[in-house]
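Dock chain S against chain L, hints included.
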Amino acid sequence: MAALTGLERVSGAAPRRPGAWWRGLVFLLAAAYFLVPLGTAFWYTIYTPTAGVSLSAYGELLTADGFARSLSLSLGLAVATIVVVLLLALPAMLAVRLFAPRLRPVMEVLCTLPLVVPPITFVAGIGTALRGGTDLLAPTPFWATLIAVQDPAFPVVLVLAYVVLVLPFVYRSLDAGLRTMDVRTLVEAARNLGASWPYVLVRVIVPNLRSALASASFLTLALVLGEYTVASLLGYEPFAVWIVTVSGSKGQLSVAVSILSLLLIWLLLLAVSTVFSREKGK
Amino acid sequence: MSRSGTEARPGSGTEARPGSGSRGWLGALPLLAFFALVFGVPAIVLVAGAFTAQGRPSLANLSQSLQGGYLTAMLGSVRLSAVVALLGAVLGTFLAHAIVTSRGTMLREAVLTASGVLANFGGVPLAFFWIATLGNSGVVSGLIGLPSGSLYTFWGLVVVYLYFSVPLMVLAMAPALDGLRPQWREAAANSGATTWHYWRFVALPVLAPAMLGGVVLLFGGAFSAYATANAMVGTVVPLVTLKIASALTGDVLIGYENIALALSLDMVVVAGLVMAIYLPLQRRTSRWLH
Chain L
1 MAALTGLERV SGAAPRRPGA WWRGLVFLLA AAYFLVPLGT AFWYTIYTPT
51 AGVSLSAYGE LLTADGFARS LSLSLGLAVA TIVVVLLLAL PAMLAVRLFA
101 PRLRPVMEVL CTLPLVVPPI TFVAGIGTAL RGGTDLLAPT PFWATLIAVQ
151 DPAFPVVLVL AYVVLVLPFV YRSLDAGLRT MDVRTLVEAA RNLGASWPYV
201 LVRVIVPNLR SALASASFLT LALVLGEYTV ASLLGYEPFA VWIVTVSGSK
251 GQLSVAVSIL SLLLIWLLLL AVSTVFSREK GK
Chain S
1 MSRSGTEARP GSGTEARPGS GSRGWLGALP LLAFFALVFG VPAIVLVAGA
51 FTAQGRPSLA NLSQSLQGGY LTAMLGSVRL SAVVALLGAV LGTFLAHAIV
101 TSRGTMLREA VLTASGVLAN FGGVPLAFFW IATLGNSGVV SGLIGLPSGS
151 LYTFWGLVVV YLYFSVPLMV LAMAPALDGL RPQWREAAAN SGATTWHYWR
201 FVALPVLAPA MLGGVVLLFG GAFSAYATAN AMVGTVVPLV TLKIASALTG
251 DVLIGYENIA LALSLDMVVV AGLVMAIYLP LQRRTSRWLH
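Taken in order, these protein sequences are the chains called L and S. Under the UniProt record's numbering, the first residue of the first sequence carries the number 1, and numbering increases by one thereafter. Under the UniProt record's numbering, the first residue of the second sequence carries the number 1, and numbering increases by one thereafter.
Hints listed in this document are in silico derivations from the structure and should not be mistaken for laboratory results. Check the hints yourself; a few may be wrong.
[What the hints assert, rightly or not] Restraint-style ranges between C-beta atoms, simulated for each label pair:
hint, chain 1, residue 1, chain 2, residue 2, range
1, S, Ala189, L, Val206, 52 to 58 Å
2, L, Val83, S, Thr194, 55 to 61 Å
3, L, Leu267, S, Leu29, 33 to 39 Å
4, L, Thr245, S, Ile277, 34 to 40 Å
5, L, Gly194, S, Gln183, 51 to 57 Å
6, S, Ile277, L, Pro49, 24 to 30 Å
Being a predicted model, the structure only gives us computed values, none of them experimental. Ideal Cβ positions, reconstructed from N, Cα and C, are used throughout, including at glycine.
Next comes chain L alone, as it looks inside the complex (with noise of 0.2 Å):
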């Protein structure tokens, strides 16, 4: 839940020292507890007493009722998080960078309140708020927003509750690389020569946060891709609601749609690490 995510390296030469029995013993335990219900998982989709062994578990797949709707709802919902979460946040950390210190607590509190708070009483809120909202709101224009908010086609309401759940990791990032460049002195020097602020923004600012904004939306769409309580809760079907559902007919589907999902998050953070190992190695 916190922002340990696997960036973080580890570095030093391993001091030599006996005792490599017990060690080898932990190796052999966790690899045993960690790799059998991955192998198993596999043999599980691949296999049937009926039919042997086969991969139609994942060919099955693409034609399977719904995993195209719900894997774009996810992918759209995921986007659209990003785009949002970062206009939102980037001026946000700049304006308190640059002219306004003093907020900075405040907005280091913000960013970690999502961490503090579980998510299932998050939806809990915002489904109590959207219900009481909408018997309030009736007699008001505002209703209609209300109600076109909740849209099943693509429900804003899920993007504007997954920002509020990446903020911390995008916070993270974001402030890190923040660290490596000296905004003021860059800010100053552009606006100096004339540059207007979205001019600084696009040109400066963006190029030399590159890989901190690309690791804020791998880990925004692996998050998004992956979420499941406050979809199911407030009622919708993206792709992590669509696998159980469909987990109920066919429970092969379902595991190898787990086994890719793995695939998926290992790909997204090797992306992460990738990005952030070059940034390193300039």
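For chain S alone, coordinates are given in the frame of chain L:
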């Protein structure tokens, strides 16, 4: 807020454009407004709803949320999270120590990368992995003759939750264990300390904040987990997240939504207390380790 905006700019070049600098803090306004709306309003609604019964201010929901089946669920969640946190911390520390002291760089990188992936692997897919392995028609449960339903119990959940908790502990402990300098062990040995003495009086005190921080992290992760438990046990094992969900989705009698809000408030209080331990510890962790 606006005053701090102007003071924070000692003689900067932005004065070339009068006015633009002093409004700079406005950049933070969209985020603050967004947060107030999307996080603040539900939070207020939650607290207000938890203290309202039949349209009147009341403590009935809260007292009911701490009684009977709801109390059992809350205690079940706390017990599950505590067991997962302690077991995960011990096992994760052992594994992290084995990695940090091993000589193979490849192995080390592989295990740390895998930890990063598995620590983020939770939710529904995790449940399906274990159902395929140890579930009633699972591959391994057939081989070892596991009684039907063993996975869908308290200890089954512990085994499953450790799958992401141990890697998380490895990630939390590896940097701290790396910070233990060989010179400390040598100095201790030269002063006549045994291995036990070294661990008891040197290494563990230095590692303690990181370990406690890890325990808290694991507790929080297990405490707020809902998707895995929902996909696995349904309502067999009483957990507070499952109770909230069933009260919210109207599986039970109408009018129980405010109980869900009261339960949520209980959860936030527990999570808040746990975090209140964690944050100061995290600051202390960095004191010795660089």
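task: Take a look at whether the Cβ-Cβ distance between isoleucine 277 (chain S) and proline 49 (chain L) falls inside 24 to 30 Å.
output: Violated: the Cβ-Cβ distance is about 51 Å, outside 24 to 30 Å.
task: Could you tell me whether the CB distance from alanine 189 (chain S) to valine 206 (chain L) stays inside 52 to 58 Å?
output: The hinted range 52 to 58 Å holds for alanine 189 (chain S) and valine 206 (chain L), with Cβ atoms some 53 Å apart.
- prompt: So does threonine 245 (chain L) sit 34 to 40 Å from isoleucine 277 (chain S), Cβ to Cβ?
  reply: Holds, at about 39 Å.
Status of the given 33 to 39 Å range, CB of leucine 29 (chain S) versus CB of leucine 267 (chain L): holds (37 Å)
message: Does the beta carbon distance between glycine 194 (chain L) and glutamine 183 (chain S) stay inside 51 to 57 Å, or does it fall outside?
response: 56 Å Cβ-Cβ, so the 51 to 57 Å window holds.
- request: Can you let me know if the beta-carbon spacing of valine 83 (chain L) and threonine 194 (chain S) is within 55 to 61 Å?
  value: Given a distance of about 59 Å, which is inside 55 to 61 Å, the answer is holds.
This entry does not satisfy hint 6, going by the numbered hints stated previously; all others are met.
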